[in-house]
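The opening residue of the sequence shown carries number 1 in this note's numbering; numbering runs sequentially from there.
Any given hint could be a false lead.
As the list claims (entries may be wrong) - Once the Cα atoms are required to be at most 25 Å apart in a straight line, the calculated BS3-like pairs of lysine-lysine come out as:
no.: 1; residue 1: K80; residue 2: K63
no.: 2; residue 1: K63; residue 2: K77
no.: 3; residue 1: K94; residue 2: K74
no.: 4; residue 1: K76; residue 2: K41
no.: 5; residue 1: K74; residue 2: K35
no.: 6; residue 1: K77; residue 2: K35
no.: 7; residue 1: K48; residue 2: K35
no.: 8; residue 1: K35; residue 2: K76
no.: 9; residue 1: K41; residue 2: K94
no.: 10; residue 1: K35; residue 2: K45
no.: 11; residue 1: K28; residue 2: K50
no.: 12; residue 1: K94; residue 2: K35
no.: 13; residue 1: K63; residue 2: K28
no.: 14; residue 1: K37; residue 2: K77
no.: 15; residue 1: K50; residue 2: K74
no.: 16; residue 1: K74; residue 2: K63
no.: 17; residue 1: K76; residue 2: K28
no.: 18; residue 1: K50; residue 2: K37
no.: 19; residue 1: K74; residue 2: K28
no.: 20; residue 1: K76; residue 2: K63
no.: 21; residue 1: K77; residue 2: K42
no.: 22; residue 1: K48; residue 2: K77
no.: 23; residue 1: K94; residue 2: K45
no.: 24; residue 1: K35; residue 2: K63
no.: 25; residue 1: K48; residue 2: K94
no.: 26; residue 1: K50; residue 2: K63
no.: 27; residue 1: K80; residue 2: K94
no.: 28; residue 1: K76; residue 2: K37
Keep in mind that the hints were calculated from the coordinates and are not lab data.
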Amino acid sequence: MNKTKKRVKGNNKTKKKILPLQNEFIDKYEFEFRKLKLQYKKSSKTPKDKNYFEEYSTQLLIKIDDINILGNSKLKKSRKRLINLINSSLDYSKN
1 MNKTKKRVKG NNKTKKKILP LQNEFIDKYE FEFRKLKLQY KKSSKTPKDK
51 NYFEEYSTQL LIKIDDINIL GNSKLKKSRK RLINLINSSL DYSKN
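With the hints as constraints, model all of the structure from the sequences given.
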């Protein structure tokens, strides 16, 4: 007798759960950055303020880089948009 085992398909539920979490992280980091940017605009822009803005922005970029997009094009666009926003603000602050 030939016994065959049923193949169990992979569980796609984990992918569906992860993607909303990743999107929440992007939204959270964007909110943090916009708050930081507003705080910097209101500051007297001393070298200390500038260093704080640049350092915290860089930390946010590192956190954003750690987000796994799992090949999702919508997440990829959101992450790329946020990275470009932070980089352009950093370039502006250096002038």
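Hinted pair K94 and K74, Cα distance within 25 Å: 31 Å, violated
Hint consistency between K28 and K50 [alpha-carbon to alpha-carbon, up to 25 Å]: With a Cα-Cα distance of about 22 Å, the restraint between K28 and K50 holds, given a limit of 25 Å.
Given hint K63 paired with K35 - CA-CA distance at most 25 Å: Holds. K35 to K63 sits at ~16 Å (cutoff 25 Å).
Distance restraint between K76 and K41, which requires alpha-carbon spacing of 25 Å or less: Between K76 and K41 the Cα gap is close to 28 Å, so the pair fails against 25 Å, i.e. violated.
Restraint check for K76 with K37, where alpha carbons must lie at most 25 Å apart: 23 Å, holds
Hinted pair K80 and K63, Cα distance within 25 Å: Roughly 13 Å between the alpha carbons, so the hint for K80 and K63 holds.
Holds or violated: K48 to K77, with C-alpha atoms at most 25 Å apart: With a Cα-Cα distance of about 33 Å, the restraint between K48 and K77 is violated, given a limit of 25 Å.
Straight-line alpha-carbon gap K94 to K35, limit 25 Å: 19 Å, holds
Distance restraint between K63 and K77, which requires alpha-carbon spacing of 25 Å or less: With Cα atoms ~16 Å apart, K63 and K77 stay inside 25 Å; holds.
K35 paired with K76 [C-alpha distance capped at 25 Å]: 23 Å, holds
Restraint check for K74 with K35, where alpha carbons must lie at most 25 Å apart: Holds. K74 to K35 sits at ~24 Å (cutoff 25 Å).
Pair hint outcome, K74 versus K63 [Cα-Cα no greater than 25 Å]: Distance of about 18 Å is within 25 Å: holds.
In summary, the structure is inconsistent with hints 3, 4, 15, 21, 22 from the numbered list given earlier, while agreeing with the others.
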